[in-house]
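Q: Assemble chain E onto chain L, guided by the hints.
Protein chains: 2
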Amino acid sequence: MKTPLIDNLQYANFSPAIFEQMRAGGVDAVHVTIAYHETFREMVLNLERWNRWFEDHPDLIFKGTTAADVSLAQKTGRTAIFFGFQNPSPIEDDIGLVEICHQLGIRFMQLTYNNQSLLATGCYEDDDTGLTRMGRAVVTEMNRVGMVIDMSHSGERSTLEAIDHSTRPIAITHANPHWWHVALRNKSDAVLKALSGAGGMLGFSVYPHHLAGGSDCTLDSFCAMIAEAAARYGAEHLGIGTDLCQDQPDSIVEWMRVGRWTKGIDYGEGSASNAGFPPMPSWFNDNRDFGNIRTGLLNAGLEIAQVDGIMGGNWHRFYQQGFGPA
Amino acid sequence: MKTPLIDNLQYANFSPAIFEQMRAGGVDAVHVTIAYHETFREMVLNLERWNRWFEDHPDLIFKGTTAADVSLAQKTGRTAIFFGFQNPSPIEDDIGLVEICHQLGIRFMQLTYNNQSLLATGCYEDDDTGLTRMGRAVVTEMNRVGMVIDMSHSGERSTLEAIDHSTRPIAITHANPHWWHVALRNKSDAVLKALSGAGGMLGFSVYPHHLAGGSDCTLDSFCAMIAEAAARYGAEHLGIGTDLCQDQPDSIVEWMRVGRWTKGIDYGEGSASNAGFPPMPSWFNDNRDFGNIRTGLLNAGLEIAQVDGIMGGNWHRFYQQGFGPA
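Here the protein sequences come in this chain order: L and E. Our numbering numbers the first residue of the first sequence as 1 and each following residue consecutively. Our numbering numbers the first residue of the second sequence as 1001 and each following residue consecutively.
Pulled out of the complex, with its shape left as it was, chain L reads as follows (with noise of 0.2 Å):
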């Protein structure tokens, strides 16, 4: 069978429209953002909303668990959806909730969203203290049942310390290498280093913020960063986790960045003068475009086998090495 072609986080304004994008563009997997300041019970909302969308459209998606399941989604031409959350927030503070979640079929949880949560420090707090007690414990908890750790939005030493506590390997699910792109969302030749040491994946993002040149950004320079990442950290460790947000409102980009933890207003990566969603750039704007990447990245110099992994082949790898009990 082909390398499946899997993007390892989106966050979109679902829809049938975006779904028939998905099976347009030949997309075997998607890992979609289930929860970001959700309690649990607010969480469990949202994958109901989910389950309507496979009960309504069985023909183009159906909820993934397995590694198995991204090749019955390409045996049966339909997208396999699995489920993640880019903060701690559902699991409140109950360890006994990421047995749950994980039965509820989450797979990929975040430690942090920018702000210092339970369980470690997220990249844009002023001091960053590394797992907490309960985040020692929860990483324990999510390498027993089989749920990954996602430490995209996580501080330098937090990430350092869950790639050591973890006995699995862990995933920076959607960033960029900061030598690339100054951003402090973006990570440091060290984390990446130690990340792909321990066997764990980095997926590149291709949110404007993430990028040089941001909105500007050439697919040239993206697919020239992923060569040299390749060489730096080795090819099999790398993916793509595009984090496309397409057709979302400006008021959700607002909930990512405040949910009700400030009456205030947090511009997280963007300004004043640049609150809402930035464009895409020109070679992706959704699920048809992959393409693009593969071809750049063939251009780039990278090998065919190396593109098959990094286009799906390497996130297939890990979430069979991932998503099972220990």
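It should be emphasised that the hints constitute simulated quantities derived from the structure, not laboratory data. Misleading hints may appear alongside valid ones.
[Unchecked claim] Quick list of simulated restraints, FRET-style, between CB atoms: (1) ILE1095(E) / ALA326(L): 29 to 37 Å; (2) ALA326(L) / LEU1118(E): 23 to 31 Å; (3) SER1251(E) / ARG23(L): 40 to 48 Å; (4) LYS75(L) / GLN1320(E): 19 to 27 Å; (5) ARG144(L) / THR1039(E): 47 to 55 Å; (6) ASP220(L) / GLU1042(E): 51 to 59 Å; (7) LYS75(L) / ASP1126(E): 34 to 42 Å; (8) ARG144(L) / LEU1118(E): 46 to 54 Å; (9) GLY77(L) / GLN1320(E): 27 to 35 Å.
[As the list claims (entries may be wrong)] Quick look at which bits of chain E chain L covers, simulated, 3 or more residues with Cβ under 8 Å: (10) 1036–1044; (11) 1094–1102; (12) 1258–1268.
Quick reminder that beta carbons are idealized off the backbone N, C-alpha and C, glycines included.
A: Relative to the frame of chain L, chain E by itself:
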């Protein structure tokens, strides 16, 4: 493989000691009650307690979700624990929670527990108005996802309407015939004929308030009643659902009966002078006593194949038919 031994209703104060008794008694599967009056969020805490037991006692018990898990239990010398609700409280007023609960492993749900619910009328209400608008919608949804409708604590009309509206066989997991012992919780001949005529199952209860003679009921009387039921309804529609409430403090019988729906006391099947759990009949105290019932059924003149079915084979077949998507 031997026909499995299945008890299709227990709400004991579960503990490792009781799990050991399940093994000593050769019980292959037990349907346990997860909730009475709990909200969805409270019910999740009860699931967490079971997850902890499964983690701590994998040599004795595991979570069952399919009929195949009964065979797995037999092969591995453990007891498969199946989940159910005795009341629809955990789905609150949200039909989407039916599928969420199914995903969490819930395989049976009573539409009512003695009182009027959002779905139907309980057996203690003065007037039974049958399935509500939401009740009909939820029965359809339960049919779709594979959650069995249980009418053990429902009124006559509601039960007949559930049998009629459901496109799949339903269950009365724990009750006895009204013609053997007059009690609000025991079922009329008309209900039992409709139930079995539609492929449904009746589980016989040994809860003393459901027994002719109460705690003094003899094994002979109990088994003669089952033989008569086999003649009337067909042995293949009969099983066991003991309603074992072993080791429960009286505070639990109060929770079962009044939850938070009244500030007063309701004695349910008991009375002010007999408020707590009644003593069990001498021939059934715990999971080690199923052999007595088996012997009693053989002595009552039932054939071995019929007895095998009643002791678990029929529930196993029903699980195969009932737990998957429509």
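Q: For the region 1258–1268 of chain E, do three or more residues have a beta carbon lying closer than 8 Å to a beta carbon of chain L?
A: violated (count 0)
Q: Indicate whether the distance between the beta carbons of ALA326(L) and LEU1118(E) respects the range 23 to 31 Å.
A: This hint is violated: roughly 41 Å between Cβ atoms.
Q: Falls inside 27 to 35 Å, the C-beta gap from GLY77(L) to GLN1320(E)?
A: holds, 30 Å
Q: Is the gap between the beta carbons of ASP220(L) and GLU1042(E) within 51 to 59 Å?
A: Holds, since ASP220(L) and GLU1042(E) (Cβ atoms, about 56 Å apart) stay within the stated range.
Q: Measuring from beta carbon to beta carbon, are SER1251(E) and ARG23(L) in 40 to 48 Å?
A: violated, 56 Å
Q: Would you say the C-beta atoms of ARG144(L) and LEU1118(E) sit inside 46 to 54 Å of each other?
A: violated, 37 Å
Q: Taking a Cβ-to-Cβ distance below 8 Å as contact, does the region 1094–1102 of chain E have at least three residues touching chain L?
A: holds (count 5)
Q: Falls inside 19 to 27 Å, the C-beta gap from LYS75(L) to GLN1320(E)?
A: holds, 26 Å
Q: Is it true that ARG144(L) and THR1039(E) lie within 47 to 55 Å of each other by Cβ?
A: 28 Å Cβ-Cβ, so the 47 to 55 Å window is violated.
Q: Check, residue by residue, whether the region 1036–1044 of chain E contains three or more positions whose beta-carbon lies closer than 8 Å to a beta-carbon of chain L, and give the verdict.
A: Contact hint for the region 1036–1044 of chain E vs chain L: holds, 3 residues under 8 Å.
Q: Do the Cβ positions of LYS75(L) and ASP1126(E) conform to the proposed distance bound of 34 to 42 Å?
A: The hint (34 to 42 Å, Cβ to Cβ) is violated, given that LYS75(L) and ASP1126(E) are roughly 57 Å apart.
Q: Should the hint that ILE1095(E) and ALA326(L) are 29 to 37 Å apart at their CB atoms be regarded as holding?
A: Holds, since ILE1095(E) and ALA326(L) (Cβ atoms, about 36 Å apart) stay within the stated range.
Hints 2, 3, 5, 7, 8 and 12, counting from the list given before, are not met by this structure.
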